[in-house]
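Chemist: Here the protein sequences line up with chains A and B, keeping their order.
Counting along the first sequence from 1, when you hit position 106 you're at 106 in the numbering used here, and nothing is skipped either side.
So the mapping is simple: the numbering used here equals the position in the second sequence, first residue as 1, plus 1000.
Because the hints were derived from the structure by calculation, they are not lab data.
These figures come from a predicted structure and were not determined experimentally.
All C-beta atoms, glycine included, are put in the ideal place defined by N, C-alpha and C.
Some hints here could point you the wrong way.
Said to hold, decoys possible - A few chain B residues facing chain A, derived, Cβ under 7 Å:
| id | residue |
| --- | --- |
| 1 | Leu1013 |
| 2 | Leu1015 |
| 3 | Ile1022 |
| 4 | Lys1023 |
| 5 | Val1024 |
| 6 | Glu1026 |
| 7 | Asn1029 |
| 8 | His1047 |
| 9 | Cys1050 |
| 10 | Val1089 |
| 11 | Asp1093 |
| 12 | Ala1096 |
| 13 | Glu1100 |
| 14 | Ser1121 |
Unchecked claim - Beta-carbon label-pair distances, calculated as ranges:
| id | chain 1 | residue 1 | chain 2 | residue 2 | range |
| --- | --- | --- | --- | --- | --- |
| 15 | B | Glu1026 | A | Ala36 | 36 to 46 Å |
| 16 | A | Glu26 | B | Phe1087 | 14 to 24 Å |
| 17 | B | Ala1020 | A | Trp258 | 38 to 48 Å |
| 18 | A | Asp206 | B | Leu1085 | 22 to 32 Å |
| 19 | B | Glu1026 | A | Arg270 | 32 to 42 Å |
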Amino acid sequence: MYGGGYIFDEPNGKQLREEQLHDDPEKLVAFEERIARGEKIEPGDWMPAEYRRQLIRLIEQHAHSEIIGALPEGTWITRAPGFKRKLALIAKVQDEIGHGQLLYNAAETLGKSREAMINDLLSGKSKYSNVFNYPAKTWADVTVIGFLIDAAAIVNQVANAKGSYGPYCRALERICYEESFHLKQGHDAFIELATGTPEQKAMLQDALNRWWQPIMHFFGPPDKTSQHSEKLMQWKVKMASNDEMRNQFLDSYVPKIWELGLTLPDPALRKNPDTGRWEYTDPDWNEFFRVINGGGPCNAERLQVRKWAEEEGRWVRKALMNPTERRSLPVA
Amino acid sequence: MSNDSLDPRVNRLKLGDANAVIKVEEGENWNVYEVFHQEKRGAHHEHVGCVHAPDPQLALVFAKEQFARRKKCVNLWVVRSADILAFDVEDEDMFANNLEKNYRDASGFKVMEKINKFKQSK
Chain A
1 MYGGGYIFDE PNGKQLREEQ LHDDPEKLVA FEERIARGEK IEPGDWMPAE YRRQLIRLIE
61 QHAHSEIIGA LPEGTWITRA PGFKRKLALI AKVQDEIGHG QLLYNAAETL GKSREAMIND
121 LLSGKSKYSN VFNYPAKTWA DVTVIGFLID AAAIVNQVAN AKGSYGPYCR ALERICYEES
181 FHLKQGHDAF IELATGTPEQ KAMLQDALNR WWQPIMHFFG PPDKTSQHSE KLMQWKVKMA
241 SNDEMRNQFL DSYVPKIWEL GLTLPDPALR KNPDTGRWEY TDPDWNEFFR VINGGGPCNA
301 ERLQVRKWAE EEGRWVRKAL MNPTERRSLP VA
Chain B
1001 MSNDSLDPRV NRLKLGDANA VIKVEEGENW NVYEVFHQEK RGAHHEHVGC VHAPDPQLAL
1061 VFAKEQFARR KKCVNLWVVR SADILAFDVE DEDMFANNLE KNYRDASGFK VMEKINKFKQ
1121 SK
């Protein structure tokens, strides 16, 4: 879901050991047996080079998504309706930035520096979740993001938390715990608009109509077209297929939208009572690829804000450098 | 460049060229510190993750923001990750306990048997 093709493969000071560049077949067998037994892989453990590359890509892009995802919402802090909503939104945005830090740390354990990850984000080499390339035009957009985008992210993160890489799982456990508050406050704000004045209801319906396609895009291209990797499933890097997660999301959240008297802009959307699976009109996947490759309404703005933050924050980082090491006493 | 953003901050920022190349130098994000938190007085400090910081004092400040903003926490430790010494995971077998070690165990000493034997002998 955190799409995009770029995979880190440059040496950055921390060279991979020779045996990691050419997987030792015996070690590979032992590695796959460990994963099959449900064991976690830890940073110092032997792992196939491809496992490392794919994990860096996945975790790094997840981290970027948290940081970039805070931008459309951060915009609304000054305009949140009421004190409680403002407090909740500030807390949520702070959490998202914190999640980015946790995830960057998890990715760093695999050998790519944080600076290298940030540089790849700023140069456009590395991607982030496509939904954040759309604008949050009204307060109703913020409630749709807080409720449905966070719900979709939770479906994905709960699955990934059962993956095989220890540091990523531990980061996700903490993240899922905090995301449950995001989802709840989003749902609360969503219900308030849905059950409010006709103007509030119309504003929410409009936001829902605009966000439905990006939400359907969220889990990535359908299984029949995406390069589905058996290996990544076997290694527990990818825990469920895109369609599987999309179906799980629809199953949990479409009823919660419909029960409030709202509609979704897809006449074909329904749960097939025979198969138990959701049927829907395929969203426009050309649009998905157009946006992920830079053609979306907010791609440029998102990266510009990040570049601005790096540039304007540099003097602070530099000023704090050169720590004067003080002699420390034992802590206990 | 024209920026018709909806973000009031963005409109004030006078953002520069979208194609400008911004490069963060290696090391600009400082050091890594491991963080240990204590949930209540008397409990062990437990490892919870790490933060990037230029020195231990700021590492504590960042650790408080990152790991103590919700659940109960009464104290935090930070230590430079580079200062942690650990065994290589590949040497895990050195911890294998294949020797008879009940001389280290309370269950390895049968005092009651001896006492009963002594009492019966009287």
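Chemist: Confirm or reject each hint.
Modeler: Hints, verified against the model:
1. Evaluation of the Leu1013 of chain B hint against chain A yields a held restraint, the C-beta minimum of about 6 Å falling below 7 Å.
2. Evaluation of the Leu1015 of chain B hint against chain A yields a held restraint, the C-beta minimum of about 4 Å falling below 7 Å.
3. With 7 Å as the threshold, the beta carbon of Ile1022 of chain B comes within range of chain A, its nearest partner Cβ sitting at about 4 Å, so the hint holds.
4. The beta carbon of Lys1023 of chain B is positioned within 7 Å of a beta carbon in chain A (closest approach about 6 Å), and the interface hint is therefore held.
5. With a cut of 7 Å, the hint placing Val1024 of chain B at the interface with chain A holds, because the nearest CB-to-CB distance is about 5 Å.
6. At about 5 Å, the closest approach between the beta carbon of Glu1026 of chain B and any beta carbon in chain A falls short of 7 Å, and the interface hint on this residue holds.
7. Among the interface hints, the one on Asn1029 of chain B holds; its C-beta lies about 5 Å from the nearest C-beta in chain A, closer than the 7 Å criterion.
8. With a cut of 7 Å, the hint placing His1047 of chain B at the interface with chain A is violated, because the nearest CB-to-CB distance is about 10 Å.
9. Residue-level restraint check for Cys1050 of chain B holds (minimum Cβ-Cβ distance to chain A is 5 Å; threshold 7 Å).
10. For Val1089 of chain B, the shortest C-beta to C-beta distance to chain A is roughly 4 Å, which falls under 7 Å, so the interface hint holds.
11. Interface restraint check for Asp1093 of chain B: the shortest CB-CB distance to chain A comes to about 13 Å, outside 7 Å, so the restraint is violated.
12. Hint status for Ala1096 of chain B: violated, given a least beta-carbon distance of 17 Å to chain A, over 7 Å.
13. Contact between Glu1100 of chain B and chain A, as hinted, is not supported at the beta carbon level, the nearest pair being about 28 Å apart and thus beyond 7 Å.
14. Evaluation of the Ser1121 of chain B hint against chain A yields a violated restraint, the C-beta minimum of about 51 Å exceeding 7 Å.
15. In this structure the supplied range 36 to 46 Å holds for Glu1026 of chain B paired with Ala36 of chain A, their Cβ-Cβ distance being about 38 Å.
16. In this structure, Glu26 of chain A and Phe1087 of chain B meet the distance hint of 14 to 24 Å, their C-beta atoms being roughly 23 Å apart.
17. In this structure the hint that Ala1020 of chain B and Trp258 of chain A lie 38 to 48 Å apart at CB holds, the actual value being about 46 Å.
18. Between Asp206 of chain A and Leu1085 of chain B, the C-beta spacing of about 59 Å breaks the proposed range 22 to 32 Å.
19. The supplied range of 32 to 42 Å is broken by Glu1026 of chain B and Arg270 of chain A, whose beta-carbon atoms lie about 53 Å from each other.
Hints 8, 11, 12, 13, 14, 18, 19 from the list above are not met by this structure, while the remaining hints are.
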